[in-house]
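The hints should help you fit chain B onto chain A, whose structure is shown.
Chains as they are written, first to last, in the numbering used here: chain A, 1245 to 1451; chain B, 1245 to 1451.
Do not take every clue at face value.
Copies of the same chain look alike in the list, so a pair counts if it works inside one copy or between any two.
[Claimed, not checked] Each computed DSS-like pair below joins lysine-lysine, with the alpha-carbon atoms no more than 30 Å apart:
hint: 1; residue 1: 1435; residue 2: 1262
hint: 2; residue 1: 1274; residue 2: 1259
hint: 3; residue 1: 1278; residue 2: 1364
hint: 4; residue 1: 1435; residue 2: 1259
hint: 5; residue 1: 1404; residue 2: 1435
hint: 6; residue 1: 1364; residue 2: 1269
hint: 7; residue 1: 1366; residue 2: 1278
hint: 8; residue 1: 1364; residue 2: 1259
hint: 9; residue 1: 1404; residue 2: 1432
hint: 10; residue 1: 1254; residue 2: 1404
Everything labelled a hint here was simulated from the structure, so no lab data went into it. Computed from a predicted model, the values in this text were never measured in an experiment.
Number of protein chains: 2
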Amino acid sequence: MTDSTPEENKRHAEKMAKVQTARAKMMAEKTVTKGLIIVHTGTGKGKSSSAFGMIMRCIGHGFPCALVQFIKGARVSADRQLLEDRFSDICQVYVMGEGFTWDTQDRERDVAAAGRAWDKAKELIRDPNNRMVLLDELNIALRYGYIDAQDVIDFLQAEKPHMTHVVITGRNAPDALIEMADLVTEMKEIKHPFRKQGIAAQAGVEF
Amino acid sequence: MTDSTPEENKRHAEKMAKVQTARAKMMAEKTVTKGLIIVHTGTGKGKSSSAFGMIMRCIGHGFPCALVQFIKGARVSADRQLLEDRFSDICQVYVMGEGFTWDTQDRERDVAAAGRAWDKAKELIRDPNNRMVLLDELNIALRYGYIDAQDVIDFLQAEKPHMTHVVITGRNAPDALIEMADLVTEMKEIKHPFRKQGIAAQAGVEF
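The shape of chain A in the complex, shown without the other chains (with noise of 0.2 Å):
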């Protein structure tokens, strides 16, 4: 870039001293550490890879985690495989539903499927040894009512242990659950290739 001038330099300094000093107190101010309830939810993409992204980071700190996938049981993720493969002395992995729920057509089987998931999401979030648990994509399951809302909220409330985090993911997380979370971001579609471009989902990025 440009080259500086020693007052353009100066002010620089003076600027990030006073930001330094700001983020200091900041920081000291935030002492709590509790495990958090983290919503994942909007139309837009990194939903799922932000909170494998986050297991990842758990698995580098040692730090054992779980993962159950609620919708896309169908098809394999090259990440999850990643997990099962490399990793499945930290991760717990389970995979629980069948697949996009407008390729099964069969609500019974879908309300079974995600119910089984459910009970599996609560056995490993009981587990103290688990310092996060991914729920991935259990929004559509409550979006589509194959889970109640209310029984997530009530479960997490009483007896998610208090140091573990929950991470949920997908779109339409219910307006209760958003209520409940510590975190909560939405993923907002700006631009998508898929509409504007005819571009096929692609390996390494969707899948």
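Same frame as chain A, now just chain B:
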């Protein structure tokens, strides 16, 4: 959940069959494959972790890939460490920044570090073996003017191999970058426990 009546099940199956048909039609029209320019921006969480998730997905597919971290150099993150420890055979990692810019308070040093990172990024992108190159927190370096946004845009348009995905993260993505990107997601903060509850940054969630 509640039992479904036969009539409900029939309606559900019909509705899902329509969804399936519409989706199949949409997917059949999407046949183009090409390397995408992907931007994750916004003030919410998940910009870097979903990009890391995509890198893990590439690794799961056996695709060579690379990561350049523009800013967070001074801080070891567990996910980057995992890449270095377990996947150095398939993912190149370069950490060129010297920590948060408010910690260095030295504009010339920041500009020089960012320039070196951008040179390395160009080299990695030019290498057609790399199927995905992640430029983590590049937007911060653009925002502070350490690297010229137009230089980045011109380079990507002129020299990015057709099938290479380039993922750029960081808040405040420049408008011109959003304009030229294929896939843009805004991570929008709906609720954050730092502010509301005085929660500290925690291992596995933030780093």
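Now for the hints, and whether the structure bears them out:
1. 1435 x 1262: Between copies only: 26 Å across, 36 Å inside.
2. 1274 x 1259: within (23 Å within a copy, 48 Å between copies)
3. 1278 x 1364: Result: close within a single copy only, 23 Å intra versus 39 Å inter.
4. 1435 x 1259: between (34 Å within a copy, 28 Å between copies)
5. 1404 x 1435: between (37 Å within a copy, 20 Å between copies)
6. 1364 x 1269: neither (42 Å within a copy, 35 Å between copies)
7. 1366 x 1278: The answer is within: 19 Å in one copy meets 30 Å, while 41 Å across copies does not.
8. 1364 x 1259: between (51 Å within a copy, 29 Å between copies)
9. 1404 x 1432: both (29 Å within a copy, 26 Å between copies)
10. 1254 x 1404: neither (50 Å within a copy, 37 Å between copies)
The structure does not agree with the numbered hints 6 and 10 stated previously, though it agrees with the rest.
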